[in-house]
Amino acid sequence: MPTLTEKILSEKSGREVRAGDIVIARIDQIALQDGTAPLAIKQIRDVEVEIKACHITHFFVDHASPSPRKELSNDQKLIREFAEECEADFNPPGEGIIHQIMVERYIKPGDLAVGADSHTCTYGGLGAFSTGMGSTDVAVAIMLGKNWFRVPESFRFEIDGEFSKGVYAKDLILKIIGDLGVDGATYKAMEFAGEGVRKMDVESRLTIANMAVECGAKAGIFPSDERTREYLSKLGRGEDFREIIADESAEYEKEFYYDLNDVVPMVAKPHNVDNVVSVEELEGVRVDQVYIGTCTNGRISDLRVVAEILKGRDVRRGVRLLVAPASRRVYLRALEEGIIKRVVEAGGVILPPGCGPCVGIHQGVLADGEVCLSTQNRNFKGRMGNPEAEIYLASPVTAVASALRGEIADPKEVL
Amino acid sequence: MGKAWKFGENISTDHIIPGRYYHLRSNLAELAKHVMEDANPDFAKKVRPGDFIVAGNNFGMGSSREHAPLVIKLTGISAVIAKSFARIFYRNSINVGLPLLIADTDSIDTGDELKVDFENAKIKNLTKNFEIELTPIPEFMRRILEQGGILNYLKEVGDLKGT
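Protein chains in written order, with the numbering used here: chain S, 5 to 419; chain P, 42 to 204.
Just so you know, the hints here were simulated from the structure itself, not pulled from any lab data. Please note that a few of the clues may not be correct.
[Stated by the list, open to error] Partial selection, computed: residues in chain S whose CB lies under 7 angstroms from chain P: (1) Leu-43; (2) Gln-47; (3) Ile-55; (4) Thr-140; (5) Val-186; (6) Gly-188; (7) Val-280; (8) Ile-304; (9) Arg-317; (10) Arg-387.
Yeah, the Cβ is synthetic: ideal placement off N, Cα and C, and Gly gets one too.
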């Protein structure tokens, strides 16, 4: 009987498929960003076929947003013109991060989505099968409305219990990546289930699914349930809900068990995401910059936690706290709730919705020898624009606690 | 025939093309001058057409940027030989026609002269005088590679055909 992955890929390819099969499947949504779209457009222009899937194609300018250089401005102009020409959706600077907006507006449980960005796997938090591909593969999807897929074997993660105070989804996924390694799930789908998942809010699921690619996985996927329905309803998309779950007798290549009660705040040390230890082991490591945002942790629930802790406190002198809401919608909500005011009062800097410093193009590039604690998903050497700098990864609450102390800090100190 | 350039485990797409050169993505010849810069600053200057990149597990980890295999291809590298590849990088390489070979690379060192015998699925190490077996790639992907990438496949076949 099918896993969640097999179920969706069977539906989209019109036959019963199993792990290991290579299928041609119909795609529901396609997303591209400013770093990968220009090459996809070039590829499309190179092949003279009728373009079939512009109506489900979404372009985003989020990586270099707004543009810091003329070369990138020209790339962005090219994207805008192509989108106009083929009547595809175009999101200029300020709208926000590709994955956040796809989740807010377009993705439905059971969808098959592809994106020219590795963190496309985020949509698994809503019960969609979504995966990152290169520009050419996404160009093929835009031209044909379909592409080929190898149906991945699934790993099942049974999640039990409930998070303790100060512990969040980011800590769980860092722990899992630490256990599996950065290639521990290469070519596989990570499927999450269990009591712990049922109690977990959708934004936590999105954080976890977002980082599935950090252990090499093709997708990270959650069943859709009442919490998914509620989340979509709040976005005004209640009618997009459908329940999709794995069969009880589905076969998995491996099974893992995690009790959320046992998870503690975790940090990934430079320069790999699986270099994970508990925050306790790193207390006292000096930080120069703290970045809160990205497709991993820039949602309203993340910003609320941060604002709560900043109440009546100031960022440590000498530390740069950068905060970027993941989308215009998140930004507006944060304004309404007084979150933005509190960050600014505490000494923080608000960046426009977008990927910000995470890709090393602009905004918050680190100096030689500097240390950044970030809520992003990658700490590879050179990631934030300087190979001589160091990046640690943690949850928003650990990040803000560290910004207050000027050193990596256990969030329990500020809760 | 070419010389081996040995790299370690988990070479990321940030090693292959650092984000600080993001603005050069639409200028691949310029971007290629920085290929592998954060893993070996000498590589881009000294690599010769026909050479091989040799690495451990999970080569190409990280982002979906297809510019990574494209700039490697631009250096004239014969193939990347690694114990394993990250998923998106693997697929991108097939799509752009960069040969990837899966083999146990422990015994290869920088400077070794290598020759690939595609017919017998073997790598010959001419410096150390031994052979290593290659792991074959799946049939469907081989067809795409043989067409010189997915776009040529589409131009030739007109559509994606079932397996």
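Status of the hints after comparison with the structure:
Because the smallest distance between the Cβ of Leu-43/S and any Cβ of chain P comes to about 6 angstroms, under 7 angstroms, the interface hint for this residue holds. Look at Gln-47/S: its Cβ gets to within about 6 angstroms of chain P, closer than 7 angstroms, so that hint holds up. Because the closest C-beta pair between Ile-55/S and chain P is about 12 angstroms apart, greater than 7 angstroms, the hint is violated. Interface hint at Thr-140/S: satisfied, since its Cβ lies 4 angstroms from the closest Cβ of chain P, which is below the 7 angstroms cut-off.
With 7 angstroms as the threshold, the beta carbon of Val-186/S comes within range of chain P, its nearest partner Cβ sitting at about 6 angstroms, so the hint holds. Nearest Cβ of chain P to the Cβ of Gly-188/S: about 10 angstroms, over the 7 angstroms cut. The hint is violated. Given the 7 angstroms rule on beta carbons, the hint for Val-280/S is violated: about 14 angstroms separates it from the nearest Cβ of chain P. For the restraint placing Ile-304/S at the interface with chain P, the shortest Cβ-Cβ distance is roughly 26 angstroms, beyond the 7 angstroms limit, so the hint is violated.
Because the beta carbon of Arg-317/S sits about 32 angstroms from the nearest beta carbon in chain P, more than 7 angstroms, this interface hint is broken. About 5 angstroms separates the beta-carbon of Arg-387/S from the nearest beta-carbon of chain P, less than 7 angstroms, and the hint is met.
Violated hints, listed in ascending order, are 3, 6, 7, 8 and 9; each of the other numbered hints is respected by the structure.
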